[in-house]
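Quick note on my numbering: the sequence shown kicks off at 1 and runs consecutively.
Since the hints were made in silico from the structure, they are not lab data.
In this text, all values refer to a predicted model and were calculated from it rather than measured experimentally.
Heads up, the beta-carbon is just placed ideally off N, CA and C, and yes, glycines get one too.
Incorrect hints may appear among the rest.
What the hints assert, rightly or not - Distance windows between CB atoms, simulated:
hint	residue 1	residue 2	range
1	Asp252	Val80	20 to 26 Å
2	Asp217	Ser106	34 to 40 Å
3	Asp252	Arg100	21 to 27 Å
4	Pro93	Asp252	17 to 23 Å
5	Gln83	Pro184	25 to 31 Å
6	His173	Gln83	16 to 22 Å
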Amino acid sequence: KRSGSHTLAHRSLRFRGLSTSSTGQIPFYGAPRPESSTSDGASSTLVQRLAVAVQAATTALADPSRADAVAALGEVTGHVALQSMRDTMRNDPVGQQILRDRPIVSKETLPIDMEELLTASSTNPTDDKDITFGQAYGSFLQGHGFDPDDRSEIKYIQDDELAYIMLRYRQCHDYWHVLTGLPPTVLGELGLKWLELLQTGLPVAALSATVGSLRLDEKERNVLNQHYLPWAVRMSKQSSYLLNVYYEKEFDTPLVELRERLRIEPAPKSSD
1 KRSGSHTLAH
11 RSLRFRGLST
21 SSTGQIPFYG
31 APRPESSTSD
41 GASSTLVQRL
51 AVAVQAATTA
61 LADPSRADAV
71 AALGEVTGHV
81 ALQSMRDTMR
91 NDPVGQQILR
101 DRPIVSKETL
111 PIDMEELLTA
121 SSTNPTDDKD
131 ITFGQAYGSF
141 LQGHGFDPDD
151 RSEIKYIQDD
161 ELAYIMLRYR
171 QCHDYWHVLT
181 GLPPTVLGEL
191 GLKWLELLQT
201 GLPVAALSAT
211 VGSLRLDEKE
221 RNVLNQHYLP
231 WAVRMSKQSS
241 YLLNVYYEKE
251 FDTPLVELRE
261 RLRIEPAPKS
271 SD
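All chains, full assembly: derive it from the sequences and hints.
Structure representation (C-alpha cells):
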C-alpha cells in the first residue's frame, strides 16, 4: 500500500526537457519518424496490396494472436480511415503539434527515465487518487510485463504522414488502457477495440472487435454486450479524440484530472 508521503515523493516525475533545440539536439519525445522508403520491398501496387490483404486476413482470422498479420491487414485496409484521422488531427491544435513533432513511444524516448517510472509505480494506480498518468502507465507496463518497444513498425503505407498516424495509433494503445482502466484481457481488449473502432473507423479495429467476440463464451459475451459495448459507444460520443492528446506531456498530470479533462469514464469493472 502506498503512503501519502510515498505518493508525494514520487508525484513529480519531471520531463527531461520540453523544447526542441535549434542546435539540432533531439527533442524530449525522441527524433521524428524518418521518411518512409519503399526500397525494402513493401507493396506499392494495388495487386500487391490486395495480395497482402488477402493473406493477412486469412492468417488473422485463423489466428487472431498473430500480431504481424493483424498489423499488415490494418495497414493495407486503413487508407480511407487514416485520411479521416489525419483530417481530425489537422483540425485540432494539439493534433497539429503531434503531426509536426511526431513523438515516438519507446523506452529510449519516454519523457522520464524508465527505471524511475517503474520504481515510482509499485502499487495499483487505480486505488490512488494522487497517482499521475506517468505512474499509472509505469504500473501498467510493470504489472503486465509489457515493453513500449514491442509495437510493429509500418511496412505497407507509403504516405509518410499516414504511416506515422498508424504508428501513433498502435503506440498509444497502452496509454488508452491506462486512461480507460481496461485490463489487457480478452474482454478488456475487446472493449478497447470497440472504442478505437468508434473513434477511428479503422477496418482492423472492426475485425478485432467482431472476430474476437466470436471466441467468447456466453457469459463473456453478455459482459461485453451489456457493459463494455454501451460504455464504448458513450465514450466515443462524449470523450475527446484520443489521438489529439500529447500523452508525453501529461506524465505529471494526475490521472483523475486527465480523465476529467478528456471526459473519459473508467470502464465498468468486470471479473474477467
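Going down the list of hints, with the structure as the test:
1. Checked against the hint of 20 to 26 Å, the pair Asp252 and Val80 fails, with Cβ atoms roughly 37 Å apart.
2. Against the hinted window of 34 to 40 Å, the Cβ-Cβ separation of Asp217 and Ser106 comes to about 37 Å, which satisfies the hint.
3. At roughly 22 Å, the beta carbons of Asp252 and Arg100 sit within the given window of 21 to 27 Å.
4. Range check, Pro93 to Asp252: Cβ separation about 21 Å, and the 17 to 23 Å hint holds.
5. For the pair Gln83 and Pro184, the beta carbons lie near 29 Å from each other, so the given range of 25 to 31 Å is met.
6. At roughly 21 Å, the beta-carbon separation of His173 and Gln83 lies within the given 16 to 22 Å, and the hint holds.
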